[in-house]
Structure formats: C-alpha cells, structure tokens
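Engineer: Hey, can you work out the whole structure from these sequences and the hints?
As given, the protein sequences belong to chains A and B, one line each in that order.
Just so you know, my numbering puts 285 at position 284 of the first sequence, and the rest follows in order with no gaps.
Just so you know, my numbering puts 533 at position 524 of the second sequence, and the rest follows in order with no gaps.
It is worth saying that the hints were derived from the structure and are not from the lab.
Note that this is a predicted model, so its numbers are computed, not measured.
What you were told as hints is all true, and nothing was included just to trick you.
With the Cβ distance kept under 7 angstroms, some of the chain B side facing chain A (calculated, not the full set):
| id | residue |
| --- | --- |
| 1 | 230 |
| 2 | 232 |
| 3 | 234 |
| 4 | 236 |
| 5 | 270 |
| 6 | 391 |
| 7 | 445 |
In silico EDC-like pairs for lysine to aspartate or glutamate, Cα to Cα no more than 16 angstroms straight-line:
| id | chain 1 | residue 1 | chain 2 | residue 2 |
| --- | --- | --- | --- | --- |
| 8 | B | 178 | A | 105 |
| 9 | A | 26 | B | 385 |
| 10 | A | 26 | B | 396 |
Backbone N, C-alpha and C define an ideal beta-carbon position, used for all residues, glycine too.
What follows is each chain in one-letter form.
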Amino acid sequence: MKKIQIISFIFILGTFFFACDEIEKPYLPIVGDNEEEGEVTVTVTFPELTPANLYRKVLVEEYTGHKCTNCPTGHAKLDEMFGLYGDTIVAIGVHAGPLASTDEEYPYNFVTPQGTQLFNDFNIPQIPLAIMSRVRYNANSWGSPINKWIDHFNMVDRSKNSAAIQLINEYNPTAQTITTYAKVTILEEIVNKVQFCVVVTENGIVKPQLNAGVIVPDYTHNHVLRGSLNGNYGVPLTSNGLVANGGTYLKGYRVSLRNRDWVASNCSIVAYLIDMETKEIIQVEETKVN
Amino acid sequence: MKQIKLVITLLFLFAVGMGYAQNSGHISGDVCFNGMFYIPDSLIGAEKVESKVRANSWLNLNYNNGGFTLGARYEFYLFPLIDFEKIGYKGQGITHYFADYKTDLLQVTVGTFYEQFGSGLSFRAYEDRQLGIDNSLLGARFRVNPYKGVAVKGVWGIERNNFDFDYTKRSDMIRGIDGEVSLDQIFEKMQEKGFSLAFGGSFVSKFEKSTEYQGLIPPEKIPQNVGLYAYRINFGFKGFRLEAEMASKINDPNLTNDFIYKKGEALLVTTTYSQKGFGVSASFIRADNMDFRSQRNISATTPLLGINYIPAINRQYSYQLLGNYSYASQPNNQIGFQGQVNYQIPKKSKLGGKYGTDLTFNYSRFHTIEQIPVEEALSLGTPSGTDGYTSSFFKFGKDLLYQDIGFDVTKKINADWKLMLGYNYIDYNLLILQGHGELAHIHHITSEVTYRINRKHALRGELHALFTKQDMGDWIYGMLEYSISPNWFFSVGDQYNYGNQAEAMRIHYYNFSVAYVVGATRIAANFGKTKEGILCIGGVCRAVPASYGFGLNITTKF
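Structural biologist: Rendered as structure tokens:
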C-alpha cells in the first residue's frame with residue numbers, strides 16, 4: 002500500500018515536469034507595412050564612375066557588446082583608424098555573443114539575426130575583435146585583437162580593385178521607408194561566385210555601455226548593425242553567382258522604419274560584394290540615408 | 010542559495026559533531042593543488058600572463074553516517090591556470106554542497122547534485138575537472154525503487170554557470186523525470202537463461218523567461234518551456250548487447266541553431282558481442298538540432314549550460330600527437346558510425362606465441378546531416394524565425410567531418426617485454442571542428458615498448474609519428490618513462506613539429522616530469538612546453554592555449 006502511495010505521488014509530481022510550449026506558425030509577426038519592404042526595381046540613373054570610386058575600401062566588422070568592458074577601447078581605436086584612413090574604412094558594429102545579451106541594466110537589444118550568424122560562422126571566441134574585409138587574421142582566428150587592428154587592416158590587399166559599388170538612397174518621411182539603389186561594376190575578372198549584401202547601420206544610439214568596469218548610461222553607440230535588406234550573406238547577382246569582367250548589375254531594396262526605432266537621419270546603407278569561396282569582401286561602399 | 014549553503018554547512022557541522030560524539034559516521038574526501046609557473050614564449054604563442062604563478066585547487070569533503078550523507082566542495086580558482094581563465098572558469102567559493110538521504114526504497118538529495126538519464130541524450134549533469142565543466146544542478150533530486158527492477162528519478166533545479174552564483178538574477182531552470190523497468194530483474198528466469206531486457210523513458214523540460222529575439226521574433230513566439238523526451242531499450246543475450254536510445258526535442262529556437270523552430274532528433278545505437286578472445290562492437294549516431302541549453306543565448310563555442318550530452322562514439326585515443334585531431338561531437342549536425350573488432354590470436358599458437366597476440370581494427374566515419382533550407386528561410390535570407398531546413402533521417406550530408414581507419418597489435422613477448430604497434434589514417438575537417446583550415450589527411454604511426462627490468466623497476470618508451478600535408482605538417486614524438494614501483498615515476502618526452510612549413514615554427518615541445526606516490530598521495534612536478542590546440546574528452550572539447558613553464562600537482566585522498 003505504501004509503495005502504491007509513493008508511485009501515485011511520483012506520477013502526480015511528474016505532471017510538474019511535463020511543461021512544454023509548442024509554438025504554432027507563423028513564428029514571425031506579419032506586419033502590414035512590411036508589404037512595402039523587399040526588392041524594388043531600380044528607377045534611378047547612376048553617374049559615371051570617376052577615379053574617386055575606383056579604390057578598394059575595407060570593411061571593418063567590429064564585434065562588440067554593451068557588457069564588454071574593453072569594447073569602448075575598441076571604439077576609440079576605430080575612431081583613430083578613421084583619422085588615419087578616412088573613408089577607406091567602412092565600419093559595422095556587430096553586437097553579438099553573451100556580452101551583447103540584455104538584462105535589467107542593459108535592456109536595449111542591439112543584437113540582430115545577421116550579427117549572430119556572423120558571430121557563429123566566424124567563431125568569435127571573445128570580444129572586442131575585428132575582422133578586416135573578412136581576411137583571416139591567422140590560422141586560428143578570423144578576427145584580431147585591438148592592438149593588431151592596423152596590422153590586420155594592412156593585410157587586406159588594397160592594390161586590387163575588382164569592383165565598384167555605387168549607392169543612391171531615398172527616404173520617404175511619409176511612408177517612413179528607405180529605398181536604396183545599388184550598381185555594381187566589375188572591374189577585373191573574378192573567378193569565384195559572388196554575392197551582394199546590403200545592410201543598414203545606425204550612428205548616435207545613446208544606450209548604456211560597460212566601460213572599464215563602470216556602466217555609462219548615456220554612451221553613444223555608432224556604426225551599429227541594424228539588419229540586412231537581402232539576407233545574411235546577400236544574394237547572387239546572376240543565376241549562377243558568377244559575374245563577368247566589365248559587367249554591371251543593378252539592385253534595389255526598400256525597408257520600412259515603421260515599428261522600428263531607427264532614426265533615419267542617423268542611418269547609413271552599407272553594401273558589399275562577397276567572394277563566396279574565400280569569404281573575402283571584394284568591395285564595400287557606404288552612403289548615409291539622408 | 011546562500012540560505013541553502015548555510016543550512017547544509019550547519020547540518021554538516023552538527024552531523025559531524027554528533028557522529029563523533031557517538032563515535033559513528035565516516036569522513037572522506039580529497040584535496041588537489043594543480044599549479045604552474047608560466048614563462049612567456051612568443052615563438053609557441055605562450056603569452057605573458059598577469060600573474061605568473063597560477064593554480065587550480067579544491068577540497069572535497071563528505072560525511073557519511075548510515076543512509077545519510079553530507080558533502081561539500083570548496084574551489085579556489087581566483088588565479089586559475091590560463092586554460093581555465095580563458096573559458097571563464099574563475100572564482101572561488103563552496104561550489105558543491107548537498108545533503109542526501111538514502112534507503113532501499115527512496116533517495117532524496119537537496120543542494121547541488123549530478124545525474125544522468127539513460128545515455129545522456131536527454132539529461133546529463135556532470136563535472137569534468139580537466140575540461141573545466143561543471144553543470145551540476147542546484148535544487149532537489151529523488152530516486153525511488155518501488156519494486157525490484159523499477160527505478161524512477163526526478164530532478165528539479167538551476168544549472169551551474171561557472172562561478173556566477175547570483176541565482177536571483179536567473180530566469181531559467183530544469184525539470185526532469187526518468188523511469189526504467191528492468192524485466193530481467195522482475196522475472197529472474199530471464200537472467201538464468203542469459204537474457205537481460207530493460208526499457209526506459211525520460212522527459213526533461215527547460216524553463217526560461219521569454220524575451221524578444223533581436224527585434225525579429227516577439228516574446229510570445231519564443232517558447233518558455235522547451236521539452237525533450239527520450240526512450241531507450243537495453244537488450245542482452247549472453248555475449249551480445251544492444252543499447253538504443255532515441256530522443257526528440259520540441260521547438261527550441263536558440264543561438265546555436267540560429268533560432269530555428271525545427272524539432273530536434275537524436276538516435277544512438279550501440280551493439281557489442283564478445284566471447285573469449287574475440288569482441289566486436291558497432292555504433293551509430295545521428296544528432297540533428299539537439300544542442301539543449303539552460304539559456305537560449307549561449308553560443309555553441311562554449312560547453313556552458315548544456316543540459317544533455319551527445320557523445321562522440323569514435324574510438325578515443327590518448328596518443329599525444331592525435332590529441333589535436335580529436336573528434337568534437339556536433340550536437341546539432343552529425344551522422345556517423347563506428348565499428349571495432351578485437352581479436353586475440355590464441356596463446357601457445359604459432360602466431361600468438363606464449364602469451365597470445367591482441368589485434369584491434371576500427372573504422373569510423375562522421376558527416377554533417379543533409380540539410381535542405383525551407384522556402385521561408387531562402388526568401389528571408391536567414392533561417393532565424395523559420396523551420397530552418399528539412400533533412401532525411403539516414404542521409405549523410407556532403408561534408409565529411411571525421412574518418413578514422415585504425416589497426417594495432419599488442420604482443421607480450423616474454424615476462425619482461427611487451428610491444429604495441431599501431432597505424433591510423435584520419436580525415437579531419439579542421440574548418441568545421443576547429444573553425445580554421447581545411448580537410449586534413451593524417452597518417453599516424455604509434456609504437457610502445459615496455460621492459461620490466463626487475464620486480465620494482467620498469468622502463469616504457471613511446472615513439473609516434475604523424476604525417477600530414479595540411480595544418481602544421483609532420484610531427485614526431487618520443488617519450489621515455491622510468492618507474493620504481495610503487496613510489497617513483499620519471500619521464501622525459503618531446504614533440505617535434507619538424508614538418509612545419511614555416512621554418513621558425515619547427516619547434517620542440519619538450520617535457521620533463523617526476524612523480525612520487527605514497528599511499529593515496531601523489532606529488533608530481535613537470536617542466537616543459539605545451540602546444541596550442543584542443544583537449545577533448547568524450548567528444549566535448551575546449552581550447553588549450555600554448556604554455557611554457559614549471560608545473561606542480563599534489564593530490565591526496567582520505
């Protein structure tokens with residue numbers, strides 16, 4: 002009798018263990034405004050390429066997080082590099098990993114699906130770390146620590162210039178949409194398949210940041226990756242992914258700011274061309290939204 | 010948590026005092042000090058560390074009186090070995106403490122505890138000091154054996170996260186229940202006829218407060234309770250055994266799977282057959298989206314907060330040079346098998362000689378699973394917030410992760426001499442398993458000789474060679490160990506990367522060590538270089554940074 006009571010007790014207790022939430026589709030919210038988003042036909046005319054467009058820029062993907070006490074040193078280093086290299090650098094602040102998670106002290110969520118995928122794909126072991134045009138820093142790591150960023154920057158072969166990217170942005174304040182038009186011109190033979198990726202970044206986001214062990218409540222976050230307009234690794238420019246020397250390719254995308262807290266005047270469009278074999282960024286361009 | 014720790018400490022002191030007052034009870038434990046003096050060496054990448062002298066040390070203390078056990082462990086890792094600092098295992102305190110009461114019918118544990126359901130596909134709370142893993146649960150556990158052959162276990166608690174003991178900030182917890190019926194224990198005639206048969210099942214549920222995911226997925230679409238169920242069978246007949254466990258995880262969008270909603274699945278089957286002088290074993294594993302953690306935002310690059318355990322079923326080697334090419338189990342994406350045959354050429358036969366000759370052959374192969382992205386993921390450009398992909402259950406994916414063909418012979422020549430020779434061919438996907446490089450093709454030869462000089466003195470030598478055109482190129486390793494039984498051990502070894510493409514990196518990683526053992530105490534010292542690499546135990550791995558210096562290790566049990 003005693004054993005039966007114990008078994009009954011276990012089964013009653015067992016009901017406490019059987020908790021499971023099965024989520025039904027759709028998983029993502031259906032936002033009416035998002036019907037305005039997506040790929041659009043290119044309706045603008047791009048100016049002729051000038052020597053000003055004909056140099057290779059370097060994409061600096063800075064992996065960072067608001068709970069990362071050394072990351073502000075990285076932000077300062079990036080500012081120093083802007084002083085040294087000017088617009089040769091295009092920066093994206095990728096907030097990802099455990100130190101980018103939210104809690105009561107750091108409630109704002111900077112993390113994006115794209116940033117998380119990149120963090121995982123490039124095996125970022127700790128932050129701050131930067132990857133320069135996705136050129137591997139050494140055999141063990143894609144990224145480099147702060148004191149090696151300039152060395153890593155110089156590992157990018159800027160004597161090559163295989164492609165040019167031109168961007169034209171339009172902001173519609175009534176519809177609250179950003180439309181970006183891009184033209185990619187291939188200047189040298191590229192043997193590998195390529196993809197073209199367009200992302201939004203934002204400057205001037207004032208939110209808490211840990212700095213040398215102290216929480217700075219009104220820290221200004223710049224170059225923050227907000228999201229991709231065409232996938233985490235973009236899209237192929239042709240059906241087979243290969244591009245022709247001398248070829249030009251047009252792409253247009255629209256994104257809505259409704260239901261997003263992005264400030265259009267602080268946003269920029271960053272577009273880059275990826276060698277899908279080597280993962281290297283062949284060219285990158287940045288233009289402010291307005 | 011502080012109250013539980015305080016209550017258990019007071020209980021401990023009270024029980025020990027009472028036990029001693031009544032001259033009953035038993036105290037046992039162990040102490041370990043594992044320290045190192047670090048010397049920077051830029052060539053091997055051994056960094057200058059802030060504190061040159063570092064150590065991991067701990068004390069385990071258990072008090073047992075009848076069915077009542079109290080236990081605690083104090084860990085001092087404030088200046089830990091650099092391997093541990095790099096994985097965040099840094100801090101100090103009473104990290105493990107429990108009160109346990111056990112009768113034939115019931116066992117109840119309160120405090121921190123370790124437990125495993127089945128083969129671990131659904132739940133495994135364990136510690137591995139070498140890896141720096143301790144995912145014990147703080148909470149309560151019960152085990153009941155209401156009838157002979159029937160066992161039920163239940164766990165409820167919060168998982169340890171290194172030295173972050175601020176449980177008031179945690180919004181995650183684990184609940185699990187497991188049952189097993191052993192028919193051969195209920196029907197004793199089965200045992201008499203050589204049969205064994207047991208069925209088991211478990212259900213584990215993780216709770217974590219829902220939060221929005223990156224502005225993409227709203228909190229109401231993030232499951233707060235994630236369930237995983239598993240069922241298993243163990244069958245045996247004389248020398249034959251079959252163990253199989255199947256597990257399924259219900260939607261668990263998390264960082265390791267790019268926040269997809271696909272159901273997770275795992276199957277582990279192991280069969281063995283053995284008779285005198287002959288043994289054969291075969292295993293199969295498939296794991297798809299089975300990384301199961303207490304917190305959904307933990308990266309796959311760390312083993313922290315793992316709830317379940319997806320084992321690596323390949324043959325495990327302790328060879329020095331193969332250490333850097335250990336297979337790391339891929340909980341989210343692997344399918345493969347392992348087979349091994351052991352045969353002893355009979356004693357006193359022509360080939361077997363006086364003592365017989367042991368032969369071992371093994372083959373294993375692991376691939377990624379097939380993954381076909383769902384339409385939604387393709388149109389969105391991200392798998393996050395979708396079902397991710399579809400996958401045929403038994404179809405191997407295109408990426409080879411690991412392949413091992415191995416053969417070894419062990420021969421005792423006479424009472425004093427013993428020889429072992431072995432060869433392995435290994436394909437190792439550096440890019441997926443270690444995040445850099447390419448598919449490495451490796452040939453490895455191992456040889457070992459033991460010479461017993463007399464009853465007390467013995468000499469053992471190892472000579473290994475590794476050949477590969479990829480990664481760091483060719484290596485050779487030699488080691489000589491001299492032991493004076495039962496107290497003294499001396500060894501000298503060297504790993505030489507003579508085939509490194511970069512001439513400056515053709516480095517000798519030498520090591521000298523001495524150990525003294527007396528009773529249950531072991532004191533060991535060593536001096537040498539350790540190369541940067543990985544350390545894997547049972548398919549769970551961590552990075553090992555390069556180091557150079559003097560080490561001291563003291564352990565004792567009482």
